[in-house]
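Visitor: For the record, the sequence lines run as chains A and B.
No gaps in the numbering here: position 183 of the first sequence is 183 in this note's numbering, and each next residue is one more.
No gaps in the numbering here: position 42 of the second sequence is 42 in this note's numbering, and each next residue is one more.
Careful, some of the hints might be misleading.
Straight-line distance between alpha carbons at most 25 Å, and here's what the computed SDA-like set of lysine to any residue pairs gives [as the list claims (entries may be wrong)]:
| hint | chain 1 | residue 1 | chain 2 | residue 2 |
| --- | --- | --- | --- | --- |
| 1 | A | K67 | B | R138 |
| 2 | A | K67 | B | Y79 |
| 3 | A | K8 | B | K66 |
| 4 | A | K3 | B | K73 |
Taking beta-carbon pairs under 10 Å as the criterion, some of the chain A residues facing chain B (in silico) [what the hints assert, rightly or not]:
| hint | residue |
| --- | --- |
| 5 | F138 |
| 6 | L144 |
| 7 | G384 |
Derived from the structure by calculation, the hints contain no laboratory data.
As the structure is a prediction and not an experimental result, all values here were calculated from the model.
Ideal Cβ positions, reconstructed from N, Cα and C, are used throughout, including at glycine.
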Amino acid sequence: MNKLIIVKVTLGFLSILVLIVGAFWAYLLFFGGRVLRGITIVIEEFVAQSSVLMLALCITVTILLLKLLASRRAKHPKQYYTIILIGLTISGLNAGSLLATPYTIINADLEFEDAFGPNWESSIPPDVLNYFLPTPYFFSSHFLSIPEQAINLETDILFYEGENITLYFDVYTPVKPASQLPGNGSIIINLHPGAWMSGGKGTWNMISTSKYLAGQGYVVFDIEYGLIDWFEYGAEAPDTPEYVMGNFTIEDQIRHIGIFTNRCESEFAATYGANLNSVYFMGRSAGAHLAGVAGLGYNYDYHNTTFSSNMVIKGVIPLYPPSAAPELLLKENRSTNPDLYDAYDLVHLADALDPSVLIFQGTSDGQVRIEEVMALETGLESKGVDCCLLKFPFAGHANDFVLSTNIGQVWIYYLERFLYLTQNIS
Amino acid sequence: MKIGKKQIKFLFTISFGTNISSMILGSLHYIIGLNIVIGTILSIAIVLSWLLNSILIVINDFKIEKSNSIGKKINRLGYGFLGVQIIAIFLLVGGLFLLNANWFSPFMQYSLILIGYFSFFAYGSVFSYLNLRVLDNREVWKGE
């Protein structure tokens with residue numbers, strides 16, 4: 001066999017391999033990792049965010065296969081055209097998330113109309129709109145990213161030492177005076193994902209989003225909390241620092257967040273020019289549950305002394321949130337202490353005085369199911385809480401990692417508007 | 001459907017134009033920031049360039065005389081273009097994902113994105129230009 005044939009066979013083999021991966025990508029896009037479980041739960045987190053590029057890759061290798069098989073076109077047209085059909089079908093399936101973008105936008109608009117009235121868009125002044133994304137999705141930004149604003153970042157600032165752990169935070173602040181920006185120095189307390197037992201601030205708590213919001217005039221505190229060292233979970237988050245691990249429960253984690261709010265009130269707000277009269281809790285996955293407990297439980301008797309009493313909570317932003325704590329992660333189970341369980345159940349914590357809630361959820365999420373989150377939205381609304389659920393078809397868990405995708409852009413478009421609208425609600 | 005020389009010339013010219021536009025407007029994206037007019041035109045230009053580049057490679061495969069030395073070169077350039085596309089896709093995926101990580105410097109992150117993006121359109125414009133140049137060479141094209 002001469003060299004050219006070897007190269008052609010290798011290229012053909014690799015192209016077929018890419019199409020097989022493309023087919024697997026499409027499968028996860030539609031069904032998430034909930035059926036196959038195992039490692040697919042983790043892979044699912046990257047699928048929808050890279051599906052547009054997978055679409056391009058599949059079309060490219062289909063064309064490559066056509067070139068490689070050009071000599072068979074006349075003699076074996078069926079083989080030739082079958083490959084085109086298979087390649088284009090796999091490519092087309094990977095376009096699902098992109099093609100669903102208009103639906104995502106229409107649904108998000110309806111959610112905002114329900115929460116803020118039919119004229120919600122016109123209540124944002126034009127000079128503020130200049131700072132926002134002009135449209136929910138630009139195909140061009142998908143590849144070129146969203147241009148970044150200048151921000152300040154300080155990392156690893158200690159806020160708690162005790163119980164054999166040390167807790168730090170990173171803070172993202174605007175370079176421009178916050179009063180000239182839409183955020184006006186509002187505080188966003190950002191809680192990382194990781195199933196209450198792993199993960200950390202920084203990379204896995206979506207740096208791009210924190211940077212973007214700081215550029216809008218928000219003071220973003222990306223904080224750590226004590227993690228449960230005795231709990232095991234199949235899809236644990238990477239980069240977990242050893243110094244936050246301990247024999248904790250979710251009650252302890254909320255207590256750590258409470259400690260941060262008190263230090264923020266007494267010290268950090270002044271240091272970073274943050275506005276205590278406008279505070280948001282934002283979190284992802286387990287962090288979303290904790291953000292929900294903090295934001296909705298702020299005025300709940302059980303958590304009465306946990307948080308600073310001098311902060312005004314303006315909103316809660318849980319992304320792919322579990323609606324309640326797993327019983328085994330609390331000090332007592334539900335049957336022995338129902339009050340304890342209720343104090344960590346988001347719907348139970350909710351009341352008409354609670355701030356508005358903006359939820360991010362992918363429909364193919366294999367870890368937190370869309371049905372659970374839709375029930376959470378219904379439960380919150382039944383308690384009188386304004387709640388917007390942004391549903392992202394084909395998106396899985398943690399699909400806001402890349403800010404510039406069709407998912408990330410739509411999310412940021414509505415997030416920045418939600419933050420602005422809720423700041424002015426008293 | 002038969003595609004004549006006129007149609008091919010038209011496709012190559014449009015492809016050349018959209019590839020160049022994608023590069024110019026892509027630069028403006030970073031220089032002036034997000035803008036509804038530039039963003040919309042650039043989005044259309046990217047889709048058109050990518051589609052036309054793909055069509056161009058397929059047309060080449062059907063129409064080019066591979067036994068001719070120039071035809072052979074064009075055919076190999078087509079393979080090269082597909083290779084550049086694949087590398088560009090991986091660079092873009094890498095760059096966009098790493099943009100959210102604190103493991104690399106912003107220079108490294110944006111380098112991946114910029115190399116991925118501009119290499120694709122630069123190759124696309126050169127490839128369509130070369131095709132335009134040899135379009136009148138009867139020996140390069142089948143059935144001429």
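Visitor: Confirm or reject each hint.
Guide: Hint-by-hint comparison with the structure:
no.: 1; hint: K67/A with R138/B; result: 22 Å, holds
no.: 2; hint: K67/A with Y79/B; result: 8 Å, holds
no.: 3; hint: K8/A with K66/B; result: 16 Å, holds
no.: 4; hint: K3/A with K73/B; result: 18 Å, holds
no.: 5; hint: F138; result: 4 Å, holds
no.: 6; hint: L144; result: 5 Å, holds
no.: 7; hint: G384; result: 36 Å, violated
In the structure shown, a violation is registered for the earlier hint numbered 7 alone.
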